[in-house]
Amino acid sequence: DTEVTQTPKHLVMGMTNKKSLKCEQHMGHRAMYWYKQKAKKPPELMFVYSYEKLSINESVPSRFSPECPNSSLLNLHLHALQPEDSALYLCASSEGQGSYEQYFGPGTRLTVT
Amino acid sequence: GQSLEQPSEVTAVEGAIVQINCTYQTSGFYGLSWYQQHDGGAPTFLSYNALDGLEETGRFSSFLSRSDSYGYLLLQELQMKDSASYFCAVSLNTPLVFGKGTRLSVIA
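Taken in sequence, the protein lines are chains A and B.
Position 50 of the first sequence, counted from 1, bears residue number 50 in my numbering, the numbering being contiguous throughout.
Position 43 of the second sequence, counted from 1, bears residue number 43 in my numbering, the numbering being contiguous throughout.
Incorrect hints may have been included.
As the list claims (entries may be wrong) - As a list, the in silico BS3-like pairs of lysine-lysine whose alpha-carbon atoms are at most 30 Å apart: (1) A:K18 - A:K40; (2) A:K53 - B:K81; (3) A:K41 - A:K22; (4) A:K9 - A:K19; (5) A:K9 - A:K41; (6) B:K100 - A:K40; (7) B:K81 - A:K18; (8) A:K9 - A:K22; (9) A:K19 - B:K81; (10) A:K38 - B:K81; (11) A:K18 - A:K41; (12) A:K9 - B:K100; (13) B:K81 - A:K41; (14) A:K19 - A:K53; (15) B:K100 - A:K41; (16) A:K9 - B:K81.
What the hints assert, rightly or not - Residues from chain B shown here face chain A by an in silico Cβ test under 8 Å; the list is partial: (17) S27; (18) G31; (19) Y48; (20) L51; (21) F87; (22) T94; (23) F98; (24) G101; (25) S105; (26) A108.
Derived from the structure by calculation, the hints contain no laboratory data.
As the structure is a computational prediction, the values presented were derived from the model and not from experiment.
For glycine and all other residues, C-beta sits at the position ideal for the given N, C-alpha and C.
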């Protein structure tokens, strides 16, 4: 199974809402990532988990809170977002943090109203 | 810091060959990867070069010159379905660093 799954596919939330994005992989990968992607831009790294521990936080605002409950799951908790946070949120995994081959999920299209 | 440069847009005719270039400036370098992303889709891995030379995978080939800090992706026998964005990405001792992407449009 070389698939990374993400739920939900689409999410619309108000600026006062709290929601969570979920990501799952069963490839035994030890590194998992959250990216934010705006239209016509490259994926922008947000967080990296390596062996279930947060190893990189790219100065992401605290209204985004990642969580790695186990080696297969990655969550992104959202609270008090701004309209400019509307984007495609991609989850990815790889064998290790420095691996050149990352497997991406289909993403969650987030709209903040 | 790291920087990658690739053309923002390329247009080519169906059945033709197109080359997408990528130049990079990095401190520490392991290799160059290429990813494809269709509109509304997720990036998917295409190829990786750690050593100088050409790697071929079907209609796609990728080349690396470490001494020139340069690589390219070559797409042969272009098909309409190849219309997508293509990202080069450098492997360092950190997660991948992506270039800004090249949007390829294949026309009939």
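Worksheet item: Which hint numbers doesn't this structure obey?
Response: 2, 7, 9, 17, 20, 25 and 26
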